[in-house]
Each structure stands twice: as C-alpha cells, then as structure tokens.
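Based on the provided sequences and hints, a complete structural model is requested.
Each chain, written out:
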Amino acid sequence: SQQGEEDPQALSIQEGENATMNCSYKTSINNLQWYRQNSGRGLVHLILIRSNEREKHSGRLRVTLDTSKKSSSLLITASRAADTASYFCATVLIYNFNKFYFGSGTKLNVKP
Amino acid sequence: DVKVTQSSRYLVKRTGEKVFLECVQDMDHENMFWYRQDPGLGLRLIYFSYDVKMKEKGDIPEGYSVSREKKERFSLILESASTNQTSMYLCASSPGQGYGNTIYFGEGSWLTVV
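Those protein sequence lines, which keep their order, are chains A and B. First residue of the first sequence: 1, per our numbering; consecutive thereafter. First residue of the second sequence: 1001, per our numbering; consecutive thereafter.
Calculated directly from the structure, the hints in this document are not laboratory data. One or more hints might be untrue.
[Claimed, not checked] A partial selection of chain B residues facing chain A, derived with a Cβ cut-off under 8 Å:
no., residue
1, G1016
2, V1019
3, P1061
4, G1063
5, I1103
[What the hints assert, rightly or not] Rough simulated footprint, nothing fancy, chain B against chain A, three-plus residues with beta-carbon under 8 Å:
no., segment
6, 43-57
7, 86-95
8, 98-110
[As the list claims (entries may be wrong)] A short list of chain B residues far from chain A (calculated; beta carbon distances all over 10 Å):
no., residue
9, L1011
10, T1015
11, E1017
12, K1018
13, F1020
14, N1031
15, V1052
16, S1065
17, I1077
18, Q1085
19, S1094
20, E1107
21, V1113
All residues carry an ideal CB built from backbone N, CA and C; glycine is no exception.
Take a look at the structure:
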C-alpha cells in the first residue's frame, strides 16, 4: 500500500512549544498534503507541497519535503490549545491525481 | 465554501440489515470517495467514483457497494451489515484531474452494528 506512516503516533506538548510530525511514504508522488481532524469530525486541508518543492509555509505551519528519503514533516510553531487535533499526511501519486492515500495520523495534545 | 453533507451522523443497525449512507456535495466535483476510519488504522479507501455511474474499488471494498446516479450524490451500501463494519465513515469529494487538487470531507457518519 502507498499509505503513509506518521510519526509519532501521539505527541503531548505545552502551549507555546513547537510540534513536529513526520510522514513517510513508499512510492513517487505528485504532491503531499497535510490535513487536520478535530475529534470526531471530518478532515480539513491545511497545506499542500508539490514534489518539486522543498519547503512551504502557511502562518504557523511549516512543511518540508525530502523526496529522496520519501518523507515530509509538519512543524507547528508556538502551539495553542486549539491546535489539539489529529494530523494526517496524504499523498497524491504521479500517475493518478485523483486518489489520496492517507496515513494513520499523529494525535497532538497541546496542554494549556 | 465547499460543503460535503453526510445524511446521518450516528446510526445503530442490526447485523444483517441493509444500510445506506448518503453523501451530497455542492461544488460540482468530479470525484467522490468513501473512507472508513478506525483507531490505529487511519483512513482506508473503500470506493472511489470519478464520474456519474463510474466507480473504482479502493483498498477495502469487500462487504460494500456504492451508487452514483447523480454527480452530486454518492451512496455507500452495506448489503448485510456485520459487527466488524462498526466504524466511522467519511465521505469526501475533489475536483477532477488536476495538479494540486485537495479533498473535502464531510463530518462523518458513526455506524454501530449490533
């Protein structure tokens, strides 16, 4: 399966600290995306990074992509209690833009 | 804003019942998806549809079927529900072929089979 694997499975930090989550995948991708899921809800898109990009920023989010290692990381800076959620990476393959392969997620708990 | 609406948020069904999960999107998206989410297993694709009446099996299609008679509506059918189908089901949609598409999710349907 192309399904990505996030690491760690769970992360607990204090408000104000940075949170880093990692994603590894298996085959060549067109792009990689990160999504957030609040408890018991649907997923919401956060950021997309293309295969020819190495880093991307959006507000307090920074995403990096290393295609040689088939890995990506999501950094949330200055975390807030409201960032508590599960975070998933999704890969879109080179030969099929229509399918999204999700990992098992990282559960982030930000303590106030 | 894109809206993906799942008709039922919580359902309890009996083993052997036929179950319909309905999903509607309002953005004229070509693609629609049904995922199943279980703790520790992430999201697993059940079925995918890239056009009306067109469908493709995902990773775990066994025990499920789908119907897409209209572009905006994608239904997931459990022909004979079993307890191991107790799960959260997520419907999603995305625009057609295109670099940089993202996927939009509904709020999920929690199904319990007893």
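Status of each hint after checking the structure:
1. Residue-level restraint check for G1016 of chain B is violated (minimum Cβ-Cβ distance to chain A is 27 Å; threshold 8 Å).
2. Because the beta carbon of V1019 of chain B sits about 20 Å from the nearest beta carbon in chain A, more than 8 Å, this interface hint is broken.
3. A cut of 8 Å between beta carbons decides the hint on P1061 of chain B: the least distance to chain A is about 14 Å, and the hint is violated.
4. Interface hint status for G1063 of chain B: violated, as the beta-carbon distance to the closest one in chain A is roughly 19 Å, over 8 Å.
5. Nearest Cβ of chain A to the Cβ of I1103 of chain B: about 5 Å, under the 8 Å cut. The hint holds.
6. For a cut-off of 8 Å, the count of residues in the segment 43-57 of chain A with a CB near a CB of chain B stands at 5, and the three-residue condition holds.
7. Against chain B, the segment 86-95 of chain A contributes 3 residues with a C-beta closer than 8 Å to a partner C-beta. That satisfies the three-residue criterion, and the hint holds.
8. Note: the segment 98-110 of chain A has 8 residues with beta-carbon separation from chain B under 8 Å; the three-residue rule is met and the coverage holds.
9. Residue-level check passed: L1011 of chain B sits 15 Å from the nearest beta carbon of chain A, beyond 10 Å.
10. Its beta-carbon lying about 24 Å from the closest one in chain A, T1015 of chain B satisfies the requirement of being farther than 10 Å from that chain.
11. The non-interface label for E1017 of chain B is consistent with chain A: the shortest C-beta to C-beta separation is roughly 24 Å, beyond 10 Å.
12. Every C-beta of chain A lies more than 10 Å from that of K1018 of chain B, the closest at about 25 Å, which supports listing it as non-interface.
13. Distance to chain A confirms F1020 of chain B as a non-interface residue, since its nearest Cβ pair spans about 19 Å, more than 10 Å.
14. At roughly 5 Å from the closest C-beta of chain A, the C-beta of N1031 of chain B falls inside 10 Å, breaking its exclusion from the interface.
15. Listed as outside the interface, V1052 of chain B is consistent with that label: its C-beta sits roughly 15 Å from the nearest C-beta of chain A, beyond the 10 Å cut-off.
16. Against chain A, the non-interface label of S1065 of chain B holds: every CB pair exceeds 10 Å, the least being about 19 Å.
17. Listed as outside the interface, I1077 of chain B is consistent with that label: its C-beta sits roughly 21 Å from the nearest C-beta of chain A, beyond the 10 Å cut-off.
18. No beta-carbon of chain A is positioned within 10 Å of the beta-carbon of Q1085 of chain B; the least distance is around 18 Å.
19. The claim that S1094 of chain B lies off the interface is violated: its Cβ sits roughly 7 Å from the closest Cβ of chain A, which falls inside the 10 Å cut-off.
20. At roughly 5 Å, the least C-beta separation between E1107 of chain B and chain A is not larger than 10 Å, which violates its mark as non-interface.
21. Chain A leaves V1113 of chain B outside its interface by the beta-carbon criterion, the shortest separation being 18 Å against a cut-off of 10 Å.
Checked against the numbered hints given earlier, the structure breaks hints 1, 2, 3, 4, 14, 19 and 20 and satisfies all the rest.
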